[in-house]
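Asker: Per full-length UniProt numbering, the very first residue in the sequence shown carries number 1; after that it's consecutive.
Where hints are given, some of them may not hold.
Using 25 Å as the maximum straight-line C-alpha spacing, the simulated SDA-like pairs for lysine to any residue come out as follows [as the list claims (entries may be wrong)]:
1. Lys388 <-> Arg315
2. Lys65 <-> Phe75
3. Lys625 <-> Ser666
4. Lys909 <-> Gln747
5. Lys51 <-> Gly97
6. Lys339 <-> Ser306
7. Lys564 <-> His638
8. Lys989 <-> Phe893
9. Lys645 <-> Pro621
10. Lys65 <-> Thr126
11. Lys398 <-> Ser382
Note that these hints are calculated values from the structure, not bench results.
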Amino acid sequence: MTLEYSSSYSLLPRLIITPCFFIFLLFLLYSISSFHVTFTFASTPITSFSKVEQDQEALALLTWKASLDNQTQSFLFSWSGRNSCHHWFGVTCHRSGSVSDLDLQSCGLRGTLHKLNFSSLSNLLTLNLYNNSLYGTIPINIGNLSKLIIVLDFRFNHFIGVISDQFGFLTSLSFLALSSNNFKGPIPPSIGNLRNLTTLYLNSNNLSGSIPQEIGLLRSLNVIDLSTNNLIGSIPPSIGNLRNLTTLLLPRNKLSGFIPQEIGLLRSLTGIDLSTNNLIGPIPSSIGNLRNLTTLYLNSNNLSDSIPQEITLLRSLNYLVLSYNNLNGSLPTSIENWKNLIILYIYGNQLSGSIPEEIGLLTSLENLDLANNNLSGSIPASLGNLSKLSLLYLYGNKLSGFIPQEFELLRSLIVLELGSNNLTGPIPSFVGNLRNLTTLYLSQNDLSGYIPREIGLLRLLNILDLSFNNLSGSIPASIGNLSSLTTLALHSNKLSGAIPREMNNVTHLKSLQIGENNFIGHLPQEICLGNALEKVSAARNHFTGPIPKSLKNCTSLFRVRLEKNQLTGDIAESFGVYPNLNYIDLSNNNFYGELSEKWGECHMLTNLNISNNKISGAIPPQLGKAIQLQQLDLSSNHLIGKIPKELGMLPLLFKLLLGNNKLSGSIPLELGNLSDLEILDLASNNLSGPIPKQLGNFWKLWSLNMSENRFVDSIPDEIGKMHHLQSLDLSQNMLTGEMPPRLGELQNLETLNLSHNGLSGTIPHTFDDLRSLTVADISYNQLEGPLPNINAFAPFEAFKNNKGLCGNNVTHLKPCSASRKKANKFSILIIILLIVSSLLFLFAFVIGIFFLFQKLRKRKTKSPKADVEDLFAIWGHDGELLYEHIIQGTDNFSSKQCIGTGGYGTVYKAELPTGRVVAVKKLHSSQDGDMADLKAFKSEIHALTQIRHRNIVKLYGFSLFAENSFLVYEFMEKGSLRSILRNDEEAEKLDWIVRLNVVKGVAKALSYMHHDCSPPIIHRDISSNNVLLDSEYEAHVSDFGTARLLKSDSSNWTSFAGTFGYTAPELAYSMKVDYKTDVYSYGVVTLEVIMGRHPGELISSLLSSASSSSTSPSTADHFLLNDVIDQRPSPPVNQVAKEVEVAVKLAFACLRVNPQSRPTMQQVARALSTQWPPLSKPFSMITLLELQDHGHGGETS
1 MTLEYSSSYS LLPRLIITPC FFIFLLFLLY SISSFHVTFT FASTPITSFS
51 KVEQDQEALA LLTWKASLDN QTQSFLFSWS GRNSCHHWFG VTCHRSGSVS
101 DLDLQSCGLR GTLHKLNFSS LSNLLTLNLY NNSLYGTIPI NIGNLSKLII
151 VLDFRFNHFI GVISDQFGFL TSLSFLALSS NNFKGPIPPS IGNLRNLTTL
201 YLNSNNLSGS IPQEIGLLRS LNVIDLSTNN LIGSIPPSIG NLRNLTTLLL
251 PRNKLSGFIP QEIGLLRSLT GIDLSTNNLI GPIPSSIGNL RNLTTLYLNS
301 NNLSDSIPQE ITLLRSLNYL VLSYNNLNGS LPTSIENWKN LIILYIYGNQ
351 LSGSIPEEIG LLTSLENLDL ANNNLSGSIP ASLGNLSKLS LLYLYGNKLS
401 GFIPQEFELL RSLIVLELGS NNLTGPIPSF VGNLRNLTTL YLSQNDLSGY
451 IPREIGLLRL LNILDLSFNN LSGSIPASIG NLSSLTTLAL HSNKLSGAIP
501 REMNNVTHLK SLQIGENNFI GHLPQEICLG NALEKVSAAR NHFTGPIPKS
551 LKNCTSLFRV RLEKNQLTGD IAESFGVYPN LNYIDLSNNN FYGELSEKWG
601 ECHMLTNLNI SNNKISGAIP PQLGKAIQLQ QLDLSSNHLI GKIPKELGML
651 PLLFKLLLGN NKLSGSIPLE LGNLSDLEIL DLASNNLSGP IPKQLGNFWK
701 LWSLNMSENR FVDSIPDEIG KMHHLQSLDL SQNMLTGEMP PRLGELQNLE
751 TLNLSHNGLS GTIPHTFDDL RSLTVADISY NQLEGPLPNI NAFAPFEAFK
801 NNKGLCGNNV THLKPCSASR KKANKFSILI IILLIVSSLL FLFAFVIGIF
851 FLFQKLRKRK TKSPKADVED LFAIWGHDGE LLYEHIIQGT DNFSSKQCIG
901 TGGYGTVYKA ELPTGRVVAV KKLHSSQDGD MADLKAFKSE IHALTQIRHR
951 NIVKLYGFSL FAENSFLVYE FMEKGSLRSI LRNDEEAEKL DWIVRLNVVK
1001 GVAKALSYMH HDCSPPIIHR DISSNNVLLD SEYEAHVSDF GTARLLKSDS
1051 SNWTSFAGTF GYTAPELAYS MKVDYKTDVY SYGVVTLEVI MGRHPGELIS
1101 SLLSSASSSS TSPSTADHFL LNDVIDQRPS PPVNQVAKEV EVAVKLAFAC
1151 LRVNPQSRPT MQQVARALST QWPPLSKPFS MITLLELQDH GHGGETS
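Use the sequences and the hints to build the structure in full.
Answerer: As structure tokens, this is what we get:
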């Protein structure tokens, strides 16, 4: 019984288990057979699918497969037969047998979609082609896709063309992704039909136009990404309808206008990125409603006003980035609410006030960047509470006081940048406890005391910059522990002592900057042991001894500055071949020996300066192989032999200084090939022979010094071709013959020294009109005849010891009339001819007067007073200016009153009876003759006299009398900008604040002329010679003798007058003149103010780079801004340095080859008046490349 019971009891589970097992088997078999059925099964009606329709689907897919590139069809090898649901790769089907999903992501497919019959895929729910190489346009019949389709993913392909309106028919779509392609054109408004859409990715294309208002109809949308396109216009207010939106990404477009207040309605938002656009106005206060927001990026726009207090209500924020805007005011109070904040970036704004102590409550903070603002006060000690802080940027502010002791607690700190502030006191020793530091910037402060030895504990340090402070003492030996150091900048301090031997342990250095200190002893011997050193500057110290041996084979070198020390050694043995070397200055040391041929193998070298040493031997001809050389200075050495003709093979050379050596022989004719030469100094040598005529090829030359040699024969007439020549010194030679008349035609010549030669004959009459000449010396020659009646020749020292010079009213000279011999027969004949000619002239004059009287009688409509007005007119000052007063004030245009000259007239100083001083420009005769329409000219001049601008020289009026045609201007005491920049003493007074004001003043003047005058005025001849400075060094634009009023229906003139070196490049092939030609000239003048000399060579390099097909930067691009600026005034610092950077950046924009891409003068003037954030990096590290529209990682100012 027991057994039976047991047996019958066990049957029940079997009865239960058997059908369950059977059901499980059926389920398993079904699962296998429908392995590819997706989640959509439950929502999809299960209906039978005919064999014909299955065949159509299969045919559609096979046809498309056949159209793909052969190499990519291998991915679809399983696509064969007529049943697409039979194990076809990437194909999933409904139970009905129709294709529901096509998932071919990352298959390497290459081809188009034009052979894919969308209408055959009537039940398709998902089409995923993500990350392939498909190209071409999206077929117009994309709208024929299944109306049931939910997912469409075309991301990361190469599709082109516009986004079709047909997408609007796919009304079931919930996921649409077209990003990372090459789509262009607008976003179609039909996208508003996709009411089920939850995700929209259109980012990383070339879409343009505005964001359609219809986007506000997509009320189901969770994510929208339109970033990295070219979208313009404002953000539509309809975006406020997207109440389910969690992520809004619109960065890297060209959106403008205000951020709509409606954005505060999107209470589901967790992330917003509107960065890198052109948005303006304040941050809307409604943003405080977005309590779920964790990420807010509004950086790189033009947002203004203060940061709204409501933003502190966003307690969930992790990332807040507001950098690079125009935000002002102070940091908001209640920032302690941001307890979850990890990153806070507000650098590059105009924030002021102090950093609130409450910032120390943001204990989750890892990155804090408040750099480049106007923050003041001390650094709050509470920052020491931020134990998670890894990056701290506070540079470029006005912070003061000591570095807080509490910083010792920031043990997670990796980067600490406090540069460009007003911090004082010592560098705290606790800095050695910040063991994770890789970057420490404390430059451009007022830190004092010693460099703490504890700094040697920072073994992970890569960059250490303590430059531009008042640090003293020696470099601690512990710095040798910093084996990871790549940049060490200690320049411009008061450090002293010898470089510690332990520096030899730092073998990964790329940049060593220790110049402008008081170091002594030797340079570190193993300075380039790791062969990584690129930039080294130890200039202006007291180093002695030889060049480190490791430098000889340091092929990584790019820039070397060792000038103004007492370094010694054989220069041929100390240096090797440097394939990357761009700049080297070894001047003012005690190097000896001969120049090595190896310098010619430095093919990237642009500057070689070994002047003021003890170099002997000959100049190696191999130097001619260094074809990138632009500046070569070997002056003040003991060089002998001839000047090698191979130097004529240096096509970019613009500065050649070989003076004060013992060179001999004649000047090689091949030097005439140096067409870019601007400065040539061969003085104080033993050169001989005639001066070659080929020097006339130096058409850019502005300084020529060949004095103290043994040149013979006459001065070649070809020197008169050097139209830019400002200084000419041929003194103390053995030159003979007469002075060539063409010398007197050099209208830019300022100094002339021909003394101590054997010149004879008379001084050419062309010198009588050479008003630019300020200093002349023709003493100790055999010259005779009249002395030119200009101020340059007035001093006795200028003409003493000549044969027979004469001059009226000149001290130490006989009057020219008394020096003449008695008239001979020839003289009598001349007198007779003169009398006859006078009688004929008198007769003609009487006849002319008669006909003129007859003509005047016929002009009945005009009064005699009106006739006078045609000849002379002065407006303003209540008749203070009269014609007679001008003649009297200039002493009848006497040379004594001459203050300058130009291509259009000579300028005189005139003091009126009232005591007022004016400038009078007497027009050359050619200008008189050009005045065909007197009435039009008078009207034009009258309009110019109405100009009222503090940076434009006031024009009072004009005279058109036949014998004296002139314009009357306001008098400027300091003269032209050009003359000041050419005078070292005056240029040194022109500090950077004054120079910036000059640049701003000229910009304001041109902006006024272009945009505020009616009709507008284009100057057409902006140059440093036409910028005058008053007694306060304020700039005034002058010389309207070449300006013309631009009529409203005109964009060009048929004639152009400008100054060479300042004219826009397009004028070489077109006579069209518009506002942008003035803009270009302004760019040249700005660079001239910054550089202290005409920037011709720099501009040529930039133009050749712009026109080249190569994408590599030009040689000039590698120049440091600090080396290009005028070295005569003290270097710019702090905010002034930033403004210099901005001015150069704007100048480069003005010099763009394409006129349409140049800014307007109104834009330039506004930019110069903007309060810019301080520098993002030390001024000494800024390259020209960074300032040419290139942009903390890629940031731009």
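Asker: Please go over all the hints and tell whether each is borne out by the structure.
Answerer: Now for the hints, and whether the structure bears them out:
no. : hint              : in the structure
1   : Lys388 <-> Arg315 : 19 Å, holds
2   : Lys65 <-> Phe75   : 10 Å, holds
3   : Lys625 <-> Ser666 : 22 Å, holds
4   : Lys909 <-> Gln747 : 19 Å, holds
5   : Lys51 <-> Gly97   : 9 Å, holds
6   : Lys339 <-> Ser306 : 22 Å, holds
7   : Lys564 <-> His638 : 18 Å, holds
8   : Lys989 <-> Phe893 : 32 Å, violated
9   : Lys645 <-> Pro621 : 7 Å, holds
10  : Lys65 <-> Thr126  : 18 Å, holds
11  : Lys398 <-> Ser382 : 19 Å, holds
Hint compliance for this structure: hint 8 alone is broken.
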